[in-house]
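Asker: Residue numbers (the numbering used here), protein chains in the order written: chain A, 1 to 227; chain B, 1 to 112.
Keep in mind that a hint or two might mislead.
[To be verified] Below, simulated SDA-like cross-link-like pairs (lysine to any residue); rule was C-alpha separation at most 25 Å, straight line:
#1 Lys-196(A) x Gln-15(B)
#2 Lys-24(B) x Val-116(A)
#3 Lys-24(B) x Val-124(A)
#4 Lys-142(A) x Tyr-41(B)
#5 Lys-24(B) x Lys-142(A)
#6 Lys-24(B) x Thr-98(A)
#7 Lys-24(B) x Phe-219(A)
#8 Lys-24(B) x Ala-127(A)
#9 Lys-24(B) x Lys-196(A)
#10 Lys-24(B) x Val-131(A)
#11 Lys-142(A) x Ser-33(B)
#12 Lys-24(B) x Arg-112(A)
#13 Lys-24(B) x Ala-158(A)
#14 Lys-196(A) x Ser-33(B)
#15 Lys-142(A) x Ala-158(A)
Keep in mind that the hints were calculated from the coordinates and are not lab data.
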Amino acid sequence: MSAVPLPVADGGGIGVRGLVADWSSDRHAFHVSWGKAMMWIFLLSDTFIFGSFLTGYMTVRSSTTVAWPNPSEVFSLHIGQTSVPLLLIAIMTFVLITSSGTMAMAVNCAYRRDRVNAAALMIVTAAFGEVFVGMQAFEWSKLILEGVRPWGNPWGAAQFGSTFFMITGFHGLHVTGGVILLLIVAIRLLRGSYEKSGNYQIVEIVGLYWHFVDLVWVFIFALFYLW
Amino acid sequence: MSTTTPASGQQQQHQQHPIGLYLKIWALLFLLSTMSYLVDYFHLQGYLRWGLILLFMLMKAGLIVAVFMHMAWERLSLVCAILLPTLCLLVLVALMAIEADYTHLTRVLFFR
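Okay, chain B solo, but in the shape it has when bound:
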């Protein structure tokens, strides 16, 4: 294919970004990790705990994918092709949550 020749290499975006940006994201990831660790350290419970854990998790994941993996600078066709299929997992999670709920009820009723 023509992609290996230097001529077409110039057509592709080279993902070269300043190191300063990486260092800032790195610091942010450290901060977010510390904060999610503190959620456990201070024994937060209930919806506050789960909400904060999910919030910090999604923020960290977003930073890694967008900046470290350069998704923020890729063309939309690649972004859609890679990120949209992962939403199928949400369907699996929903189905299995219903299934787990049903299994749990059955176990409480018959096996305890």
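Chain A on its own, in the form it takes in the complex:
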């Protein structure tokens, strides 16, 4: 890409403006817009939050002397007489992956300045996200009815409930936040708020967040539900 400009000696003047100019030296380390760079840095910090949660889950699961409840049975659904393991979780996974696909297509539309289709695809993405949260709420109420609490459950190690509610709850919170963000940007797209500047990168930035939510679910699905 373009050469990095040399720092200007006297920056942006004196006082606070000079301080900011000197410290930033008016240089770009990353050749992306500040919005995208900040979203990536936020996602990195979020990675550490979820990474710590999952590591904590690993620690309590491998240090307990009581048998861990079998997720395959705990999360099974009864269809007629047969019990299908992890059915709801599999559907939730597919819903979230599908929403990631529609989000990627929304980014493509936005860069082609097709703002109506971009907004429509974002609303579809938000709808899939809401379906996901709905199914998670169903899963939570089912487990709570069956007696799972953060301090115990009928099947084994007491830590099962606390890690389940903390990890999936925090992820569900992220999905809910993402749905709100998607709807805000979709409405702004429809109102033509980005027409004047012609800069539709906000869709890609929201997309980064949404794909991250999907990414976290990949790890939760593998490490919590399948392990």
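Following the hints, put chain B in place on chain A, whose structure we already have.
Answerer: Okay, now just chain B, sitting in the frame of chain A:
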């Protein structure tokens, strides 16, 4: 900053990629999810189960980060700044695995 003006916007890469590529990745993610689900469905156990779960997980994560999040087309400086720090988590995982092992042994010895 100058990044908001259209002139410098052209310097930055616009992450516009064909929809066909996204659809292919989407299909692949579906396939990988189905396969990881089948690992549980067929009750595979032991190292085969864990290995397959981790393999499918890492493949899915790689596809999402590389294509959907466009990391494959970003400059190496951004890729390094975002992806390398996550490796610190491996240190945490290793430390906590040792700690969990020790806690487990202590519990087996004294609390059972």
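Asker: Does each hint fit the structure? Answer for all of them.
Answerer: The hints, checked one at a time:
{"no.": "1", "hint": "Lys-196(A) x Gln-15(B)", "verdict": "20 Å, holds"}
{"no.": "2", "hint": "Lys-24(B) x Val-116(A)", "verdict": "24 Å, holds"}
{"no.": "3", "hint": "Lys-24(B) x Val-124(A)", "verdict": "19 Å, holds"}
{"no.": "4", "hint": "Lys-142(A) x Tyr-41(B)", "verdict": "21 Å, holds"}
{"no.": "5", "hint": "Lys-24(B) x Lys-142(A)", "verdict": "35 Å, violated"}
{"no.": "6", "hint": "Lys-24(B) x Thr-98(A)", "verdict": "12 Å, holds"}
{"no.": "7", "hint": "Lys-24(B) x Phe-219(A)", "verdict": "21 Å, holds"}
{"no.": "8", "hint": "Lys-24(B) x Ala-127(A)", "verdict": "22 Å, holds"}
{"no.": "9", "hint": "Lys-24(B) x Lys-196(A)", "verdict": "34 Å, violated"}
{"no.": "10", "hint": "Lys-24(B) x Val-131(A)", "verdict": "24 Å, holds"}
{"no.": "11", "hint": "Lys-142(A) x Ser-33(B)", "verdict": "24 Å, holds"}
{"no.": "12", "hint": "Lys-24(B) x Arg-112(A)", "verdict": "20 Å, holds"}
{"no.": "13", "hint": "Lys-24(B) x Ala-158(A)", "verdict": "42 Å, violated"}
{"no.": "14", "hint": "Lys-196(A) x Ser-33(B)", "verdict": "41 Å, violated"}
{"no.": "15", "hint": "Lys-142(A) x Ala-158(A)", "verdict": "18 Å, holds"}
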